[in-house]
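Protein chains: 2
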Amino acid sequence: MNRKLDTFFYPKSIAIIGASNKVDTVGYRLLYNVKNCGYEGAVYPINPKYTECQGLQCFSRVQDLDEIPQLVMIAIPAKAVLQTIKECAKFGVKNFYIISSGFGELGAEGKHVEHDISLFAQENDLNIIGPNTIGFINNGIKLNANFSQSGCKDGNAVLISQSGALTSGIMNILEDSQVGLKLGISIGNACDVSVADLIKYFNKKKDISQILLYLESIPQPEEFMQACKDSDKKIICVKSGRSARGAIAASSHTGALASTDTIVDAFLQQCGVIRVNSIAEMVNVAAIFSTMEKIPMTKNVVVITNAGGPAIMTVDALSELGLNLYEFSDEEKDYMRSYLQSQASVKNPIDMVASASIDDYKKTLEFCINNDKIDAIICIHLYIMGTTSKEIASIVDSMKEKYPNKMIASVFITHLEEMNEIKQTIKNIPIFESGEDASKAIKQSSQKFICSREKQRKIRNTNIDKIFENVRQDNRNLLTTYESLEVLKELELPLVKFDLVKDPQSAKNVANKINYPVVVKITSKTISHKSDVGGVKVGIKNDIELIKALDEIKNNLKSHNCIDGLDGFIIQEMKSSNREFVYGIVNDAQFGLCSMFGLGGIFVESFKDVCFKVLPTSNEEILQQIHSLKASKLLGSVRNLPCADIDKLVDTMQIINNFSLSYNIKELDLNPVLIDDKTGNISLIDARIKI
Amino acid sequence: MNRKLDTFFYPKSIAIIGASNKVDTVGYRLLYNVKNCGYEGAVYPINPKYTECQGLQCFSRVQDLDEIPQLVMIAIPAKAVLQTIKECAKFGVKNFYIISSGFGELGAEGKHVEHDISLFAQENDLNIIGPNTIGFINNGIKLNANFSQSGCKDGNAVLISQSGALTSGIMNILEDSQVGLKLGISIGNACDVSVADLIKYFNKKKDISQILLYLESIPQPEEFMQACKDSDKKIICVKSGRSARGAIAASSHTGALASTDTIVDAFLQQCGVIRVNSIAEMVNVAAIFSTMEKIPMTKNVVVITNAGGPAIMTVDALSELGLNLYEFSDEEKDYMRSYLQSQASVKNPIDMVASASIDDYKKTLEFCINNDKIDAIICIHLYIMGTTSKEIASIVDSMKEKYPNKMIASVFITHLEEMNEIKQTIKNIPIFESGEDASKAIKQSSQKFICSREKQRKIRNTNIDKIFENVRQDNRNLLTTYESLEVLKELELPLVKFDLVKDPQSAKNVANKINYPVVVKITSKTISHKSDVGGVKVGIKNDIELIKALDEIKNNLKSHNCIDGLDGFIIQEMKSSNREFVYGIVNDAQFGLCSMFGLGGIFVESFKDVCFKVLPTSNEEILQQIHSLKASKLLGSVRNLPCADIDKLVDTMQIINNFSLSYNIKELDLNPVLIDDKTGNISLIDARIKI
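These protein sequence lines map, in sequence, to chains L and X.
Residue numbers -13 to 677, in our numbering, belong to the letters of the first sequence in order.
Residue numbers -13 to 677, in our numbering, belong to the letters of the second sequence in order.
Calculated from the structure, these hints are not laboratory results.
All values reported here derive from a predicted model rather than from experimental measurement.
Treat the hints with care, as some may be off.
Just so you know, same-sequence chains aren't split out, so a pair can sit in one copy or run between any two.
[Said to hold, decoys possible] Cross-link-like lysine to aspartate or glutamate pairs, in silico, EDC-like; alpha carbons within 16 Å at most: (1) 616 with 591; (2) 616 with 485; (3) 333 with 91; (4) 8 with 38.
All chains, full assembly: derive it from the sequences and hints.
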């Protein structure tokens, strides 16, 4: 929703329902903070118990006020909240911040009340944040409207957190960092105003350039994605709960590999959101966006240092992150030799040795800044004697003022006290405690996202309609193998030759038409895992072996007591390959249809080398999905095997995606997807479709 | 060497050669620190330029002193150092600390001088640390003998660092942590006293319980390993230079996969050293060893918290580290429900909600401490209102005093200032800034090492002797394929059937004896990569195909112009398998013979799923090597394939190890090592041995 939230976050008047005189209660602290933070608007304590509260006149009800407050904050027991909102709304109040807890976080009953609040808000065009929050701060108007002691300095970031405690915790941590907040918002259970609504609102704010998110769930993924795609802000997100296994039943292969978190990862990538794994990482990346306007795509990095050890560790980190150490030409080295001390090393890292002077730093920095082939500079100083880190910090800072578009990060290995002093005074350069932190933040801040989401192409096919119709008439949801293969055939996907037979004679006819060796497998309405009941025979070389195989399979089915659903036998061209992949579709409870491409064969479980995408996807995203596998090397020319036909592979995956969306299928497994050892062609052999 | 270093590190008198009155020189700062740190021994400035130095009587030469100083520290230009040592030694000085730089770090000439110093030290039974150091501190005798401003509080750790700057940097960081140092030593280029010597010396010190190492190289690996194995101290090591590619020529398969760092990793593991990747990690692990006597093997962890967010992130970290969340029984939950607030969650994490009282923390901690099934407790507090983090810290601390053997780590998410105050006052509990840090440190501190190194079993075999003799007589260092296979046969390893033939008739005889299908491959004194010249034919089904294959191979060799070295053809049983591994031996320039076990086939390069060990190895270590592969799951029963014969695999690897050591071979590749699809038996097919 496109909400107008200016009067909400920049209110001229605030009423606090539940304001209190009792120290160490929520109502006391909330009023105390609003009253004593420098906020210039009107503040109205509301509590029928008092006529005066913390020195202010106290009112029994909002309706008793002479004006309609632009924002009402509510800190009273949960059960009274909805009624209070109704009364205030009748009086004309539009904006509510519910501090009170005791709602959805406690269970179904609380969720129910939240639902009622949300309905009331929609019907009456209200904006309600919460419940279960600690409030918010807005440094733009010097407003501290949270009941904890936290707050932090002004800046270009906004923080939105689903955890109340962490809203406070993160603000405490930011206060000791270079990152300032314009607003810090505890959004709580978000029964009305959503994270997506807030992102949309802040997208329009010019004084905000980054949005920090702490999320434990992503309730409206489509709106969230749209808000992120429409944003020109940098969005940095900690999404916790990585280890929790998802709600997807592991009945399909793809489902078994889809932990919720791998899909969350894919989703945030597709949103163009920088996902970080800890508050510390969030602060480090935010420090870059707090000090720099434009972030270049970083490839070539130079490390400038006065100490070898930390530089070596930085190089280790850069290399592990896939960043490149710029190689100086002989001319460039000669130039640096001309002014640096004789023991200095002019390779990269440039080790100017312990006694490096301010001038050494200045000249070397300027030299690297003016080299367009260098994307980022990590400037390390470790005090031994002589020049202090504070002096170096101020030099680097002033260089950056002169050259604002170069990525320069500074690392100081020193006492907390000096470090803190540096962080509070240096405005133009992000400061880090180690080269590893600097390297990681540079990498994370200059990620390239492929968010070119394509509109779905509708697929309609009357033969497929008929197959699905038959399945539904049988009260099944799983297609037989033959039906699944027929669907793939209708989609004109690269299937091996196959046909359905019911008796030995037609089996022989088909096998001879296809050419031996062939595979025989059952197609059945009742059996989903064919191999488990001895329903597959491979490498059949002639008619005699074929007849024998059919007999054996029948006997196997009889002994497993499952011959009833048998629909016939599929005779199929025999194909094997050294390169087996899998492709699949799952319907995630949260994100809807998602695709998975992965390494197949016996290696699936060992390496879990898979990549998910939330549908729909563009061809570019599919290419990225393919290439993000470690095993994607195998699609190239390896060990005399030819390159895979990548165009055909992308095409196949895109058709499956569009088909899955068009028919809203439940699960789909293509296992295996073979890359032909001689031609590199794609071959599909087996499919399993659930509708 | 077992050095007596008591008078070195606990000297009663120190002479400083190069002491100076010029502020901001090394000689000034060194004397200044020694003089003003509270050290009670005698201090003698030595400098022919002065009669008085910083208020002390200054002497021209050490020989002018009335006593022989127990330690002489040298801070004069490099070129004068050796002569000065000689003169002091003649006077009777035994212990030297060379601060001066300008030696091996600058190149060959400096290395030469270091070598002369080292020889002189050996001949005259001296102890020399350095050159290229910043000095050392010994908090045990209040001695600060380094020329930087750093120092830190007393404690149970010793720091040994190859980087001078980082000796200072790490001490600065430790000062803000809970970790105290007994000694901090900058060892520099270590021309005489080695890291191994120092570890051996500190192994005997009762007041030291942990040794922190910052290393950029490991010069005498055997001595180092022995010193570590003999140690009952905890040894934590940052070994930087992880990304540098090793000196091993990539002529063998195993060599190509052996970056120096993978071997360093294996080596430190086998030493029982805890390898960490950053100074921050080192400090975190050291904080645990600074506050705890005994570290339990950690499996089951409980998280106690008053805020959900940080607990969820902790659970994410624990799960990624493979640690387990303890599951409370219904009875245990009922007990906690009996005193906690109604909104509290009594699962694990135990979320006692924002308003948790001191008493809630106390009771819950005590309850978890007394549960023997819980190995570690992570106790999180985030201040919102009411109880402060400082109060909680002191409660946890006192609980730990009562129950010293339980692993309890505490996490506070707060301002730096309060954090620092907590760290400086809490003595019994390691304090962390995040649950992720706590989890990682717990995991790293309770690692189980398999260091049960076995003595090598000598292998002597006269037939192998003869093969090697022939190779040497030919001036070759690479065995032919046939010779390599013959060696494996002599070692009674599980080889497929094979024989050498020189003509078509004997080829047919052998093939019929082995049974078709067979493989034909050349064995040649000049060709090492058989496939590249068309020297291998697989899947030969009968006599006709065999004759054709021999002809084709000969033609291939002719067209590649390399028929000359041909020794004949190997006819070999045809075997293939879904499970291919590789085993190999390399001779690392630094660590000597190392073995590699890895996943084979076309996946080698994509996954680099390999594990190295430095030889010799015990069977236990070999088992660990096998099981540390991700692909080790494939050795179990997967997809109807039988379990691999692990005993035979270990046996094979052990024989290869002992053979390689006994014959001091240069390189060995067993590629592939097949696991039979039907039996799980081990089969070797090809070998390449370089001597």
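Each hint, compared with the structure:
no.: 1; hint: 616 with 591; result: both (14 Å within a copy, 9 Å between copies)
no.: 2; hint: 616 with 485; result: neither (36 Å within a copy, 39 Å between copies)
no.: 3; hint: 333 with 91; result: between (57 Å within a copy, 15 Å between copies)
no.: 4; hint: 8 with 38; result: within (12 Å within a copy, 69 Å between copies)
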